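> Next come the chains, spelled out residue by residue.
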Amino acid sequence: MTDMVRFYLGWGRLAILEQLQYRVANYFYMIGMIAEPVIYLVVWRTVAEARGGVVGGFAADELAAYYVVWTLVRNMNIVLTPHAWEDRIRSGELAVDLLRPVHPLHRDLAYFAGWKVVAILMWLPIAAVLTWVFRPALDPTVTQIALFAVALWGGFLIRFFALWTLGLITFWTTRVQALFEMYFTAELLLSGRLVPLSLMPDWVQTVAGLLPFKWAFQFPIETLIGRLGTGEILRGIGMQALWTVIGLGATAVVWRRSLRRFTAVGG
Amino acid sequence: MSFLRLALAHFRVGAMNELQYRVNFFIQVVQALLALTTGLVGLWLVFSQTEDLAGWRPAELLAVMGVHILMGGVVQMFIQPNMTRLMEDVRKGTLDYALTKPADAQTMVSIREVRIWSMVDVLTGAIVLGVSVTQLEHRVGFGDAAGFAIALVLGAVMIYCFWLILTTGAFRLVNVENILELFSGIYQAGRWPVGIYPGWMRGGLTFLVPVAFAVTVPAESLTSRLTTGTLVTAVVFTAVLVGVTRIVWRIGLRHYTGASA
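If you're matching them up, the sequences are chains A and B in order.
Going by this note's numbering, the residue at position 187 of the first sequence is 1089; the numbering climbs one at a time, nothing skipped.
Going by this note's numbering, the residue at position 223 of the second sequence is 283; the numbering climbs one at a time, nothing skipped.
It is possible that some hints are incorrect.
[Stated by the list, open to error] Below, simulated DMTMM-like cross-link-like pairs (lysine to aspartate or glutamate); rule was C-alpha separation at most 25 Å, straight line:
1) B:Lys152 with A:Asp963
2) B:Lys161 with B:Glu241
3) B:Lys152 with A:Glu995
4) B:Lys161 with B:Glu148
5) B:Lys152 with B:Glu78
6) B:Lys152 with B:Asp164
Rather than coming from a laboratory, the hints here were simulated on the basis of the structure.
Source: prediction; values computed, not measured.
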């Protein structure tokens, strides 16, 4: 057990040190990413103004709060891309990984968790600028901030396991790209990334509640911008725990089956 | 004339190369359909809440979306692959091969690569545009159509210049993947008419990253909003940008030293 803790801390620290060196690259990436929520925000603020100030239960400054917190949640949501598996398998990197005594999942999880620490640090100045420009209605209580911190990492875990498992499909077919694209589109529409789900028709909201996407994305945002009561937040964190466990289970099952299909050539 | 022959020859080689990878065509179609779906859902959501967005009616915004997809296809087909290749060549030192050819170097590096499967996006954009034109409340006159064609070409030239300047500047700065990320992020802004953005963003989207000229202006022409003044500005700005690009390219080249290929 203490070995595992040291393993995680070691890889996490490595990720932090490594990513701190690539500050410019990280910032380019983050700025490119910020265009997306800013566009949504401007569009929906325009709509809200046309309707006399409110759309889908959001006033203009509440929309701003939604999309500013969006940027942090989106950064936390970035995990190992499922496309990585193609490379790992083709290059033989995986063959080397399998020789190690520790499941490769641990290293990925530790590394991305460490990277997230850097992402949060680097996000702070961006948040300051966005707040200054868009004047969001953000006034969270201490409890909300604490619960937000939990929900943020909950979202990270859900998406980490979901995409890790999704990537394993690469063991069966090399034509995964179209499949991944479909997954990402469904996620875009049903997670609250494109618009807050309250702007969607009722049936979409019902469907979204039954899928994991929303719990990784819209839910953490809503904990901080004050649209949920403490009870709802705790229930939501319960849902996150449920989806994390489901993801972990799926990962374990699929991993064992995919390994049976793996043959290394060279390495 | 020799420029056209050269471009055509490269186009043919590129096309034959890509035609070997048919699955990519399938992937491109899936991607185009998914992107189209997302775009339509976005439009539908907006217009389920309001009747017009900053003065643009649904069919008119559909036209903006059509131009956006079409121009995106053109960029991915001709501009982006060449710039990626240029960056790679600089890094590996293989740019020497292009520089030692007797043709003009800037021309050479700009026509070497073609991704014909991106034609799918060009076609999708054209179809969306066609549909939107039939939905418009007024008829598109000859002047509108001509203005549209001119604005579209000018827009493509401006984006090309923008890319070449960035890539040349990046001879020694950042790697191209980051620029690509940045551009595709900002290009998304063009899906909506730039008039909806706050002033400082509109300025950036017009003169820093010419998304406004590449997407909004052609769409303005189709929807009879284009003033002669805007079109003249576009012509002048394109001319200036082409000149500046040439100078930046020359300077960049002077600093390039082959890394022995």
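> Could you run down the list of hints and mark each one as holding or not?
Hint-by-hint comparison with the structure:
no.	hint	verdict
1	B:Lys152 with A:Asp963	49 Å, violated
2	B:Lys161 with B:Glu241	31 Å, violated
3	B:Lys152 with A:Glu995	24 Å, holds
4	B:Lys161 with B:Glu148	18 Å, holds
5	B:Lys152 with B:Glu78	23 Å, holds
6	B:Lys152 with B:Asp164	21 Å, holds
In the structure shown, a violation is registered for the earlier hints numbered 1 and 2, in ascending order.
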